[in-house]
Amino acid sequence: MPTPSSDAPTTTQRQISDEITAFGNARRGTDLAQPALDYTPYRSSILRHPTQDPHPADPEGAELWAPCFGHQDVDPLEADLTIQHSGEPIGERMVVTGRVTDGDGRPVPHQLVEIWQANASGRYIHQRDQHPAPIDPNFTGVGRCLTDAEGTYRFTTIRPGPYPWRNHRNAWRPAHIHFSLFGTDFTQRRITQMYFPGDPLFAYDPIYQSITDPADGALLVAHYDHDVTTPGWSTGYRWDIVLTGTHRTRFEPDEEGEA
Amino acid sequence: MTHRATPGQTVGPFFGYALPYPGDNHLVPPGSPGAVRLHGAVRDGEGNPVPDALIEIWQPGPDGAVVRSAGSLRRDGFTFTGWGRASTDAAGHYSLSTLRPGGEVPFFAVTVFARGLLDRLFTRAYLPGADLGAFPADRRDTLRAREESTGYRFDIRLQGEGETVFLRFPGHRAD
Ligand SMILES: [Fe+3]
Chain A
11 MPTPSSDAPT TTQRQISDEI TAFGNARRGT DLAQPALDYT PYRSSILRHP
61 TQDPHPADPE GAELWAPCFG HQDVDPLEAD LTIQHSGEPI GERMVVTGRV
111 TDGDGRPVPH QLVEIWQANA SGRYIHQRDQ HPAPIDPNFT GVGRCLTDAE
161 GTYRFTTIRP GPYPWRNHRN AWRPAHIHFS LFGTDFTQRR ITQMYFPGDP
211 LFAYDPIYQS ITDPADGALL VAHYDHDVTT PGWSTGYRWD IVLTGTHRTR
261 FEPDEEGEA
Chain B
460 MTHRATPGQT VGPFFGYALP YPGDNHLVPP GSPGAVRLHG AVRDGEGNPV
510 PDALIEIWQP GPDGAVVRSA GSLRRDGFTF TGWGRASTDA AGHYSLSTLR
560 PGGEVPFFAV TVFARGLLDR LFTRAYLPGA DLGAFPADRR DTLRAREEST
610 GYRFDIRLQG EGETVFLRFP GHRAD
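Residue numbers (the working numbering), protein chains in the order written: chain A, 11 to 269; chain B, 460 to 634.
There may be inaccurate statements among the hints.
[Unchecked claim] According to the in silico footprint, chain A covers these stretches of chain B (three or more CB under 8 Å from chain A):
(1) 495–505
(2) 547–555
[As the list claims (entries may be wrong)] Covered, in the sense of this in silico footprint (three residues per stretch, anywhere, with C-beta under 8 Å from a C-beta of chain A), are these stretches of chain B:
(3) 467–477
(4) 483–491
[To be verified] Chain A side only, calculated, beta carbon under 10 Å to chain B, not exhaustive:
(5) 35
(6) 38
(7) 69
(8) 125
(9) 131
(10) 143
(11) 154
(12) 158
(13) 206
(14) 240
(15) 251
Since the hints were derived computationally from the structure, they do not count as laboratory data.
None of these values were measured; they are calculated from a predicted model.
Where a beta carbon is used, it is the ideal one built from N, C-alpha and C, also for glycine.
Whenever a hint applies, use it, and build me the whole structure from the sequences.
What follows is the structure, given as structure tokens:
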């Protein structure tokens, strides 16, 4: 087993957990749906969060629209992360599916969804990931798809493992899949993370806990859905995604059936 | 009825093998007719470069019309899609090749993602000369791209002196 390097962080999980509790108490009842950008238990945020309130602005011009992606952009095979190499990746094969809707409950059709994730042992194919867990030669962990006319996305992949990181001593991320989403207007752009139900690491993770209202944090947790499983082949999880409201009042005719 | 939005989360440290793709920052080929460069540095609260940020831009064409063409991920070299993505390098620098945006008050709409940034930030890079009277007088310069011989420079300061004005759109929750 490798010994931690000499510059390993010295803050303990106990200290971080105390900060998580204190921050949660201070923000209780403030109805913050989004992560607190100045969430100091996540150490990297300390020098990277704006200190000024965001300036209120009405979307203008192109901001009322989102970029278009079409079938020339994404091959349908990119939605299956288990077929990108010559062999089967190791781990729990699963389908992850759900709907992308806007703040008014309308589907976000024909829009790009990008995902990336660690392999079953918690290792990314990234040169800066030094976690001494095996790389799976049959798993890269990157996928893309377009939502269908009802806003549904669907990926076949491997359940990722939790992994250690350097926020504090013995810090572990709960297993998660990174999701990148576009809406029907620019202001709905969102990057987030999907988690798995009942993960014992939630309480210890400052990134998950940066969403200080537990009801909002729960929106990031997929649920197991036996109807999504494939007999003899894969388990299944469902995770629906709600973007903020669109600022155009109705769909323009050219949006229907496009792409 | 407005539904509660799914919260954002940081893009993390490992997006670099997933989100960048060939040609992501070349909305038009560099050096092609009308091509301009939009570039700058992303810095943190101590003025240090942020080498693991991702910048996205979205803009109208030079005629001011909103672009409705697909093809941003597999660029054909001829179709202007109005959308692009650029990672910062070790010096915190990003660079895009694009066209001048048109319209009444032209700007590049900009989204900023980074490790350490728990949610994305929105801002605008206005072309020189824009009337920015709606923004605080002492900070509006942070929204101006500076003209250069090859295009524009737009630096982004996440925190501290010269902190960029970031935007909140209606319906976005305070955070
Ligand atoms: Fe991750």
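| field | Annotated coverage of the region 483–491 of chain B by chain A, confirmed only when three residues or more have a Cβ within 8 Å | value | violated (count 0)
| said: Given a cut of 10 Å on the nearest C-beta pair, is the interface hint for residue 131 of chain A held or broken against chain B? | reply: violated (15 Å)
| request: Go through the hint on residue 69 of chain A and say holds or violated, using the shortest Cβ distance to chain B against 10 Å. | output: Check passed: Cβ of residue 69 of chain A comes within 6 Å of chain B, closer than 10 Å.
| field | Agreement of hint residue 125 of chain A with chain B interface, Cβ distance less than 10 Å | value | Constraint on residue 125 of chain A satisfied, holds at 8 Å.
| said: If you count the residues of the region 467–477 of chain B with a beta-carbon closer than 8 Å to a beta-carbon of chain A, do you get 3 or more? | reply: holds (count 11)
| query | Does the nearest C-beta of chain B fall within a distance shorter than 10 Å of the C-beta of residue 38 of chain A? | reply | violated (15 Å)
| Given residue 158 of chain A was flagged as interface, is its beta-carbon under 10 Å from a beta-carbon of chain B? | violated (16 Å)
| Hey, does the residue 154 of chain A contact hint survive, CB to chain B under 10 Å? | Holds, because the Cβ-Cβ distance from residue 154 of chain A to chain B comes to roughly 8 Å (cut-off 10 Å).
| Checking C-beta pairs, does the region 495–505 of chain B have three or more residues closer than 8 Å to chain A? | holds (count 3)
| field | Verdict on chain A covering the region 547–555 of chain B, where coverage means 3 or more residues with a C-beta closer than 8 Å | value | Coverage by chain A is violated here, the residue count being 0 at a Cβ distance below 8 Å.
| said: Can you verify the interface hint for residue 251 of chain A: is its Cβ closer than 10 Å to any Cβ in chain B? | reply: holds (5 Å)
| message | So, as I understand it, the hint says residue 240 of chain A touches chain B; can you test that by seeing if any CB pair is closer than 10 Å? | response | violated (25 Å)
The structure shown violates the earlier hints numbered 2, 4, 5, 6, 9, 10, 12, 13, 14.
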